[in-house]
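If you read the sequences in order, they're chains H and B. Counting from 1, position 55 in the first sequence corresponds to residue 55 in my numbering; the numbering is continuous, with no gaps. Counting from 1, position 56 in the second sequence corresponds to residue 56 in my numbering; the numbering is continuous, with no gaps.
Just so you know, the hints here were simulated from the structure itself, not pulled from any lab data. The beta carbon of each residue, even a glycine, is placed where N, CA and C say it ideally should be. There may be inaccurate statements among the hints.
[Claimed, not checked] Distance windows between CB atoms, simulated: (1) M1/H to E224/B: 38 to 48 angstroms; (2) P20/H to N261/B: 52 to 62 angstroms; (3) E218/B to E268/H: 54 to 64 angstroms; (4) E38/B to T150/H: 55 to 65 angstroms.
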Amino acid sequence: MDNIYRPYLMTISDMTDEAPGVRTFRLNFSDEEEGKNFKFQTGQFGLYSVFGAGESTFCIASSPTREDYIECTFREAGRVTKALRELNVGDTIGFRGPYGNVFPIDKWEGKNLVFVAGGIALPPLRSVIWNCLDLRDKYKDVTIIYGAKTVDDLVYKNELKEWEARDDINLVTTVDPGGETPEWTGKVGFVPTVVEEAAPDSNDTIAIVCGPPIMIKFTLPVLEKLGFKHDKVYTTLENRMKCGLGKCGRCNIGCTYVCKEGPVFTAEEISKMPDEF
Amino acid sequence: MEKLLNKNKFDTLIAGLKKQGYKTVAPKKDNRLVTLEEVQDASEISLDHVITNNSIKEFFFPKTEKILSYTLDKNKVEMEEPKGFAVKSVIFGTRPCDAFSLPVMDKVFNWDCSDKFWVERREAITIVTISCDKSDSYCFCTSVGLAPDAKQGSDVLLTKISNDEYLVETVTEKGENLVKEMESVFSDPPGTPDRQVATVEEKFDLKKIKPWLDDNFEHDVWDEFSNKCIGCGACTFVCPTCHCFDIVDECTMTKGDRVKNWDGCQFTMFTMHTSGHNPRSTQGMRWRQRIMHKFKYYVEKFDSTLCVGCGRCSRVCPADMNISEMLELIETEAGK
């Protein structure tokens with residue numbers, strides 16, 4: 001019988017510093033055969049481990065359309081992420097996954113897409129953004145609204161530039177008041193306010209929102225005001241997890257196991273959950 | 001298959017099991033505590049108790065267990081699968097409530113994907129249960145659909161029929177094979193055995209619990225009842241059906257193990273996010289999770305109550321929180 005807790009071994013092939021304490025790893029399967037057989041869909045997550053330090057849960061931050069590797073972006077915050085940051089290109093880490101459900105991007109074909117992200121929550125949306133951008137013809141207007149505390153805290157700065165330069169994406173970036181620099185040309189204000197100002201057309205549009213609980217709490221009513229129906233608004237939740245397989249018993253919100261039935265939910269599904277976020 | 005087993009044959013039975021390559025686990029008395037642990041000899045077995053201090057859980061899902069071993073050499077990681085964790089054993093003299101916890105827990109450890117550490121131990125271990133001939137005020141198996149002589153989860157069920165004799169009933173093929181293997185210790189059962197089974201009072205009506213839980217995620221009882229809870233988590237550790245766990249690495253510079261450790265929903269850190277945000281920030285929320293998980297969530301997911309009525313959580317609680325009192329309170333609230 002297979003050991004469900006056995007990770008794949010992966011080699012760090014590249015890394016990028018995104019913001020203070022935030023780093024992206026590009027990972028390749030150490031075993032080529034395993035790499036060929038590995039498939040995931042956008043929205044799924046995994047458990048990344050440093051042997052000797054432990055496992056930590058993050059989304060897969062790259063798009064499944066980029067088949068040769070996966071990427072993860074993490075902020076140094078605890079024991080495992082500290083150990084991850086001490087690793088270098090060429091080092092080996094463990095990866096279990098892919099786990100959880102997916103963003104139903106097939107269902108979104110022919111529609112406008114509005115992505116709203118705050119801070120370190122851009123990585124899970126980056127996977128679905130690139131997935132949709134790699135299939136750009138299938139979607140109508142694409143709007144990305146992204147905010148962070150300060151200019152320095154914005155992640156994927158190079159990709160933000162790339163998105164800004166494209167004329168088939170409407171990118172709005174913002175930083176919290178006081179987080180701007182003299183050179184900053186984006187907006188200054190909190191994400192919910194900026195979404196309200198940007199007022200994306202809700203007609204035939206899907207909104208995908210990810211951010212800290214407080215941002216989500218204030219953004220959902222704004223989207224509702226703009227005419228977005230609850231079943232047209234998607235988010236991805238993260239709760240503390242250990243197994244990712246519906247056994248360790250801690251990521252549930254009421255009856256819903258975020259690791260199995262999630263992490264992707266519609267605002268409608270969330271509205272039916274008990275207030276235990 | 002029905003047989004008779006005389007107490008004076010316990011010696012031969014345990015010695016015979018050992019000869020057949022079984023490890024035997026049985027209730028053993030050590031000062032005030034009676035615990036299920038490995039025995040070498042029938043003289044170590046104690047049967048004069050209501051229920052063992054520890055549950056059967058740790059023999060299938062140990063307090064701590066290796067789920068992966070590895071060696072580290074510069075950039076090279078070699079992984080090694082843990083071996084030898086499923087040891088051919090007989091658990092002798094456990095109680096029906098504990099035995100029933102096994103098929104209940106099979107559901108979570110097998111749904112979607114199987115945890116081999118649980119499954120392989122389940123295959124390797126044969127359960128010989130002894131029906132309860134006495135109970136105490138903490139027992140409430142009859143309130144959760146069980147009985148002091150329930151067979152579910154056992155391979156063989158022994159029921160006292162006189163001071164020295166037990167009626168032996170095989171429940172599964174595994175149990176039947178065990179009895180056949182040890183055939184010489186058993187004799188033919190009497191025609192109308194006088195089964196000595198404890199009475200356990202029915203404390204609440206299970207049917208009334210879930211409908212109330214469905215509607216009362218927000219209710220004052222959660223905080224009120226758990227005011228005295230000190231969050232020690234003892235209830236979760238002695239519980240045969242609490243299955244929450246943590247996964248951590250334990251290692252030196254050159255080698256290590258990834259281990260699965262018991263964890264519990266009553267601890268503050270259990271759900272705390274890296275950011276410091278905690279979805280279950282109060283003891284009331286954590287207590288609610290324990291009750292909801294056992295009597296609502298598990299029922300919805302797996303069509304089974306995650307409680308076997310053993311009463312251990314209430315017996316060990318240093319703050320004297322009693323789960324059946326909580327459920328009686330819910331029944332009262334449901335009747336309002």
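Against the structure, the hints:
1. Range check, M1/H to E224/B: about 46 angstroms between beta-carbon atoms, so the 38 to 48 angstroms window is met.
2. In this structure the supplied range 52 to 62 angstroms is violated for P20/H paired with N261/B, their Cβ-Cβ distance being about 33 angstroms.
3. For the hinted restraint 54 to 64 angstroms between E218/B and E268/H, the CB-CB distance of approximately 20 angstroms leaves it violated.
4. For the pair E38/B and T150/H, the beta carbons lie near 60 angstroms from each other, so the given range of 55 to 65 angstroms is met.
Violated hints, listed in ascending order, are 2, 3; each of the other numbered hints is respected by the structure.
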